[in-house]
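In the order they appear, the protein sequences are chains B and H.
Heads up: the first sequence begins at 67 in our numbering, then just goes up one per residue.
Heads up: the second sequence begins at 67 in our numbering, then just goes up one per residue.
Hints were generated in silico from the structure; no laboratory data involved.
Errors might be hidden in some of the hints.
If several chains are the same, the list does not tell them apart, and a pair holds so long as it fits within one copy or across any two.
Straight-line alpha carbon distances no greater than 25 Å define the calculated PhoX-like cross-link-like pairs of lysine-lysine that follow [unchecked claim]:
| no. | residue 1 | residue 2 |
| --- | --- | --- |
| 1 | Lys139 | Lys83 |
| 2 | Lys151 | Lys88 |
| 3 | Lys91 | Lys118 |
| 4 | Lys88 | Lys139 |
| 5 | Lys91 | Lys151 |
| 6 | Lys91 | Lys139 |
| 7 | Lys83 | Lys143 |
| 8 | Lys83 | Lys118 |
Number of protein chains: 2
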Amino acid sequence: MMVLISYDVAVTSPGGKRRLRKIAKECTNFGQRVQYSVFECVIDPGQWARLKNTLEGIIDVELDSLRYYYLGKNYRKRVEHIGAKASFDVDDPLII
Amino acid sequence: MMVLISYDVAVTSPGGKRRLRKIAKECTNFGQRVQYSVFECVIDPGQWARLKNTLEGIIDVELDSLRYYYLGKNYRKRVEHIGAKASFDVDDPLII
Numbered sequence: 067m068m069v070l071i072s073y074d075v076a077v078t079s080p081g082g083k084r085r086l087r088k089i090a091k092e093c094t095n096f097g098q099r100v101q102y103s104v105f106e107c108v109i110d111p112g113q114w115a116r117l118k119n120t121l122e123g124i125i126d127v128e129l130d131s132l133r134y135y136y137l138g139k140n141y142r143k144r145v146e147h148i149g150a151k152a153s154f155d156v157d158d159p160l161i162i
Numbered sequence: 067m068m069v070l071i072s073y074d075v076a077v078t079s080p081g082g083k084r085r086l087r088k089i090a091k092e093c094t095n096f097g098q099r100v101q102y103s104v105f106e107c108v109i110d111p112g113q114w115a116r117l118k119n120t121l122e123g124i125i126d127v128e129l130d131s132l133r134y135y136y137l138g139k140n141y142r143k144r145v146e147h148i149g150a151k152a153s154f155d156v157d158d159p160l161i162i
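Go ahead and model the full structure; you've got the sequences and the hints to work with.
Written out as structure tokens, the structure reads:
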């Protein structure tokens with residue numbers, strides 16, 4: 067199944083940049099970074115349960131947020147990209 | 067139908083902040099800002115054709131990108147939110 071993960075991390079809060087980096091690194095194990103704060107993960111339910119648990123242990127729930135979109139198996143027909151090609155490294159400089 | 071719109075704008079490029087603000091303002095007319103660079107728009111096909119055209123006229127296709135996810139009518143069951151509640155103003159300070 068495909069899960070789209072988007073996140074907002076309060077990077078100016080204490081430890082914010084570290085949380086952002088950790089979230090991005092965890093998502094990288096299962097998916098592709100398509101925009102600065104958006105990952106598309108093709109993942110099985112067991113892996114997803116573990117990743118979800120890990121991500122929710124990283125964020126500060128008072129300040130940050132995660133949003134998941136369950137796009138199912140036929141996700142390719144649901145996605146359209148316009149403009150610059152996504153090409154990110156987890157440690158890339160800031161682009162929003 | 068529901069269209070999820072996510073965008074990356076190269077804010078440090080000339081005019082980048084202006085493009086970011088314009089994109090966010092256009093999306094606000096049709097949807098809810100759920101994260102800093104993610105909007106959920108509930109929109110009919112005619113409105114979507116116009117909004118899409120407007121957004122693609124704003125971005126710099128060499129530097130910025132838009133990504134659309136067509137989530138259909140039963141989108142509520144596809145979405146899950148964890149952590150801080152989304153509450154944004156288009157002119158809010160930077161949170162990623």
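A quick look at each hint next to the structure:
| no. | hint | result |
| --- | --- | --- |
| 1 | Lys139 with Lys83 | neither (33 Å within a copy, 36 Å between copies) |
| 2 | Lys151 with Lys88 | both (23 Å within a copy, 21 Å between copies) |
| 3 | Lys91 with Lys118 | within (13 Å within a copy, 32 Å between copies) |
| 4 | Lys88 with Lys139 | neither (27 Å within a copy, 34 Å between copies) |
| 5 | Lys91 with Lys151 | both (20 Å within a copy, 24 Å between copies) |
| 6 | Lys91 with Lys139 | within (24 Å within a copy, 33 Å between copies) |
| 7 | Lys83 with Lys143 | neither (34 Å within a copy, 31 Å between copies) |
| 8 | Lys83 with Lys118 | within (20 Å within a copy, 33 Å between copies) |
Of the hints listed earlier, those the structure fails to meet are numbers 1, 4 and 7, in rising order.
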